[in-house]
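Participant: Sequence:
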Amino acid sequence: MERVNSSSDLLEAQAHIWNQVFNFINSMSLKCATELGIPDIIHKHDGPMTLPELVDALPGVDKSKADCVDRLMRVLTHSGFFLMENINSTDEKGYSLTHASRLLVGDRPGSMKPYVLSLLEPNLTEPWQHLSRWFQDTKDRTAFHAANAIECRQVLEGLDSLVDVGGGTGTLAKAIAEAFPQMHCTVLDLAPVVAGLEGTKNLKYVEGDMFKYIPPSDAVLLKLILHDWSDEESVEIMKKCKEAIKSKGKKGKVIIIDMVIDDQERDHKSVETLLF
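With full-length UniProt numbering, letter number 229 in the sequence shown gets 229, and the count goes up by one each step, no holes.
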């Protein structure tokens with residue numbers, strides 16, 4: 001066990017602990033500034049912005065909270081999101097944007113503002129409060145696992161090959177390849193998606209466009225694909241699927257996993273369930 005040899009070591013260790021404990025302040029301050037539109041306000045100001053100018057420009061923020069805005073900006077300046085600069089060669093200082101905060105300006109191409117706001121939503125941050133409870137959970141199978149463990153082996157039995165069209169990084173194809181070691185699985189997706197991904201003995205990745213070509217196989221799998229396209233485009237996809245399995249005769253099949261919503265055929269409650 002490493003010993004604390006001096007008072008400076010002790011202070012450094014304590015500072016490290018406090019920094020870790022209060023790290024959430026960095027992300028929550030970033031969320032606050034993004035929600036208030038501070039990067040947008042400074043960007044539109046077109047130059048360093050003093051604290052009083054910033055407080056005046058903040059929508060719905062009372063001027064009595066100027067000291068709190070000052071503390072918020074101090075945290076974000078230390079975190080590298082803003083700079084303090086002299087204004088026109090005077091002693092007066094103002095806030096300006098850094099490369100990071102420019103990415104939080106909402107009306108610019110490549111803005112990360114929507115991502116920051118969505119990833120810091122309570123629905124995504126709250127589960128981290130219960131991480132230790134998850135590790136200590138001794139149940140072999142949660143309700144989620146049980147609900148998704150429905151057997152459907154008969155759909156894939158007897159197949160020697162399968163192409164997962166638009167299969168992304170191959171999460172589903174990997175599971176199929178492991179469950180059916182004799183089956184040769186192929187994941188077809190666009191180059192930016194599959195570039196650099198490594199396959200296994202019975203799994204490979206192929207760059208391609210499903211509207212142009214689908215590799216020949218016993219089965220073509222379309223999981224949550226067709227609902228993204230119009231009826232006309234879906235027909236074109238199905239034609240390519242037919243070409244891919246045509247050489248297999250009656251053995252070939254197209255497997256579609258998707259939501260089918262038809263309020264003409266279903267009762268109101270069933271349609272409501274699918275919409276959810």
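There's no promise every hint is true.
Claimed, not checked - With a straight-line cut-off of 27 Å between C-alpha atoms, the simulated DSSO-like cross-links for lysine-lysine are:
id : residue 1 : residue 2
1  : LYS93     : LYS63
2  : LYS240    : LYS253
3  : LYS239    : LYS174
4  : LYS223    : LYS239
5  : LYS239    : LYS251
6  : LYS93     : LYS65
7  : LYS63     : LYS31
8  : LYS65     : LYS113
9  : LYS174    : LYS204
10 : LYS174    : LYS113
11 : LYS44     : LYS65
12 : LYS239    : LYS253
13 : LYS242    : LYS212
14 : LYS174    : LYS65
15 : LYS253    : LYS242
16 : LYS223    : LYS246
17 : LYS174    : LYS240
18 : LYS251    : LYS212
19 : LYS63     : LYS44
20 : LYS212    : LYS239
Please keep in mind that the hints were generated in silico from the structure rather than gathered at the bench.
Note that the structure is predicted; figures quoted are calculated from it, not measured.
Participant: A separate judgement is required for each hint: does it hold in the structure or not?
Facilitator: Results of checking the hints against the structure:
1. Among the hinted pairs, LYS93 with LYS63 is consistent with the structure: their alpha-carbon atoms are about 19 Å apart, no more than 27 Å.
2. Taken as a hint, the LYS240 and LYS253 pair is honoured in the structure, with Cα atoms around 12 Å apart against an allowance of 27 Å.
3. At roughly 26 Å between alpha-carbon atoms, LYS239 and LYS174 fall within 27 Å of each other, so this suggested pair holds.
4. As the CA atoms of LYS223 and LYS239 are separated by approximately 16 Å, the hinted pair is consistent with the 27 Å bound.
5. With a C-alpha separation of about 17 Å, the suggested pair LYS239 and LYS251 falls inside the 27 Å cut-off, and the hint holds.
6. Between LYS93 and LYS65 the alpha-carbon distance is near 19 Å, which keeps this suggested pair within the 27 Å criterion.
7. Of the supplied pair hints, the one linking LYS63 and LYS31 holds, its CA atoms being roughly 21 Å apart against a limit of 27 Å.
8. For the hint pairing LYS65 with LYS113, the CA-to-CA distance comes to about 24 Å; that is within 27 Å, so the pair holds.
9. Between LYS174 and LYS204, the direct Cα distance comes to roughly 10 Å. Compliance with the 27 Å bound is thereby established for this hinted pair.
10. In summary, the hint linking LYS174 to LYS113 is not supported, as the alpha carbons are separated by about 34 Å, beyond the 27 Å threshold.
11. The hinted pair formed by LYS44 and LYS65 meets the criterion: a straight-line CA distance of about 22 Å does not exceed 27 Å.
12. Among the hinted pairs, LYS239 with LYS253 is consistent with the structure: their alpha-carbon atoms are about 13 Å apart, no more than 27 Å.
13. Distance restraint check for LYS242 and LYS212: the Cα-Cα separation of roughly 13 Å lies within the 27 Å cut-off, and the hinted pair is therefore satisfied.
14. Among the hinted pairs, LYS174 with LYS65 is inconsistent with the structure: their alpha-carbon atoms are about 54 Å apart, more than 27 Å.
15. For a cut-off of 27 Å, the pair hint linking LYS253 to LYS242 stands: about 8 Å separates their Cα positions.
16. Distance restraint check for LYS223 and LYS246: the Cα-Cα separation of roughly 20 Å lies within the 27 Å cut-off, and the hinted pair is therefore satisfied.
17. Restraint check for LYS174 and LYS240: satisfied, since their Cα atoms lie roughly 23 Å apart, inside the 27 Å limit.
18. At most 27 Å may separate the alpha-carbon atoms for a hinted pair to count; LYS251 and LYS212 meet this at roughly 23 Å.
19. Using a Cα cut-off of 27 Å, the hinted pair LYS63 and LYS44 holds, with the two alpha carbons roughly 20 Å apart.
20. Under the criterion of a C-alpha separation no larger than 27 Å, the hint pairing LYS212 with LYS239 is consistent with the structure, at around 10 Å.
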